[in-house]
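Engineer: Sequence:
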Amino acid sequence: MCCRLRLDTTELRKRGGPKYPIMYRIDLSLALNETYGEEGMKVKALRKFKNGRSIEETLEYMENLVKAGVDMFDVDLGCYDNWWLPHPPAGMPAGCFLDVSQLVKQRFEERKILSNAGLPVPVVAVGKLGYPDLAEKALRDGMCDMIMLGRPLLADPEWPNKAYAGKVGEIRPCIGCQEGCINEFVDGGHPQCAVNPRTGFEEIMPEAIAPAEVKKHIAVVGGGPAGVLLAIQAARRGHKVDLFEKTGRIGGKVVPGSVPRIKYDIQNYLFYLERELKAAEKAYDLKAHFNTEVTSESLKAKKFDAVVYAIGTRSGTPKLKGLEKIPHVEATDLLANDALLGSAEKIVVVGGGVVGCETAYWLTYEKDRKVKVVEMLPYFMKGACTANRGHLIHYLKDQGVELLNCATVKEFDEKHVVIEQNAHKNVPNPYNTWAPILPENIENPLAPKIGNAPKRVELEADLVVLAMGGRPDDSAYLEGQKLNVAPELYNIGDSFAAGRVLEACRAAYALATRI
1 MCCRLRLDTT ELRKRGGPKY PIMYRIDLSL ALNETYGEEG MKVKALRKFK NGRSIEETLE
61 YMENLVKAGV DMFDVDLGCY DNWWLPHPPA GMPAGCFLDV SQLVKQRFEE RKILSNAGLP
121 VPVVAVGKLG YPDLAEKALR DGMCDMIMLG RPLLADPEWP NKAYAGKVGE IRPCIGCQEG
181 CINEFVDGGH PQCAVNPRTG FEEIMPEAIA PAEVKKHIAV VGGGPAGVLL AIQAARRGHK
241 VDLFEKTGRI GGKVVPGSVP RIKYDIQNYL FYLERELKAA EKAYDLKAHF NTEVTSESLK
301 AKKFDAVVYA IGTRSGTPKL KGLEKIPHVE ATDLLANDAL LGSAEKIVVV GGGVVGCETA
361 YWLTYEKDRK VKVVEMLPYF MKGACTANRG HLIHYLKDQG VELLNCATVK EFDEKHVVIE
421 QNAHKNVPNP YNTWAPILPE NIENPLAPKI GNAPKRVELE ADLVVLAMGG RPDDSAYLEG
481 QKLNVAPELY NIGDSFAAGR VLEACRAAYA LATRI
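In terms of UniProt numbering, the sequence shown opens at residue 1 and continues consecutively.
Don't read these hints as lab results, they were simulated from the structure. On a predicted model such as this, the values are computed, not experimentally measured, just so you know. Be aware that one or more of the hints could be misleading.
The calculated EDC-like cross-link candidates involving lysine to aspartate or glutamate, where the alpha carbons are at most 20 Å apart (straight line), are [unchecked claim]:
hint, residue 1, residue 2
1, 370, 305
2, 167, 274
3, 425, 462
4, 370, 462
5, 319, 305
The task is simple: from the sequences and hints, build the whole structure.
Structural biologist: Printed below as a string of structure tokens:
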């Protein structure tokens, strides 16, 4: 393959001429040995890569590519068998490949490698560089010659202009979820963005929303992403908006979701929403009311023209036999208040979705607890982006977190969680993160059928953490309909259908353009 690619490069140079720029993307190493270790590389799917290309071999190959006509490189690490490296998710460190670009740059400088144009070969840095201060520092410190942005520009195409103008606080940050950009490809869609609903829909979603033909007085109940974004956009259109939030800050369930250190991108997004709300309050007829709970009666008394409910979810935990016998807490409540952890050492997380696995990571890495995670489905974090899912599972395994899939909670006693786990031979390995063709979190029609071989297992626990999802809390909306609190009533975000930041942003934008 390396030989063939060099021939292709030679042909490109021949056809394009001496002045046509050729940039080459290359991983300095597949990093599979480093990712999975000696035991992991014994797996059949990975065995053939055990003695894969070394960094030194790659550097030598890059020198030959320059001779063949390549003008510049952008470099990273990894492949589809450790997908979180070439597609770094939220939990990866900012600037995670700067040391890689620096290594290549130093090699070219030491050997005085010049490009086809007779100039030093530029090296482009990639990978979580959507932070202007870090990107600028990388350039100033000589770690690279250029910065390449991908996902940050989907989140905010004005990133370069805002950074250049010193308006860094106005940049809409990428949150690293990869739900709109990467996962949409898996679903057969096109590039989109969780935090920018216009991405991929620019022709049908104008950048400047048309002013409202009829100015209205609107109440928005709930300060999560859907409520905040709806309030801001509606105010920009000329409506008078009152935003009511029962707590002291905006964010809703995103606030506890931002607590683990690996969720620093979500924290950045919350800071961005706070800045945007404050700016909108100064510029438009918008007022945010914190620590304020409203009722149908109080809303009706103020005679709003429209009320938008964006209240979020309520607990989705079903009735579980014996749950009252053992200390237990909702995952979001625990993240919001770690004092609820107490002295518990052995923790069982019930629910292996994104919230459950991120909570397990937080408990293990930041709280030094022993954690087991129980999931009734064959795969953990089913439906999440493969890169994000693989990254989290890899590090849960690395820290010894026990993942129990195809397992159903049957009952609790004072010190145990009793589960029934399917021990059939075709139950998938919960730690498998390398499926390179069909991601593990996508249904595989060729997968062997999972039979039924139930076994009873007792898990010791000092504390049970419930991460079984939420249910839309539409109670206030339904009551508002009965009492006719306003001529127009709307229900958006999680209180309409439990979702992600992606769905919240889309719902807010869609309603704001027509209310």
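Engineer: Against this structure, judge whether each hint is valid.
Structural biologist: Against the structure, the hints come out as follows:
1. Only pairs whose Cα atoms come within 20 Å are accepted, and residue 370 paired with residue 305 is rejected, the gap being roughly 53 Å.
2. Pair hint residue 167 plus residue 274 holds up; C-alpha atoms about 15 Å apart against a cutoff of 20 Å.
3. A distance of roughly 31 Å separates the Cα atoms of residue 425 and residue 462; the hinted pair therefore is violated under the 20 Å criterion.
4. At roughly 10 Å between alpha-carbon atoms, residue 370 and residue 462 fall within 20 Å of each other, so this suggested pair holds.
5. For the hint pairing residue 319 with residue 305, the CA-to-CA distance comes to about 40 Å; that exceeds 20 Å, so the pair is violated.
Violated hints, listed in ascending order, are 1, 3, 5; each of the other numbered hints is respected by the structure.
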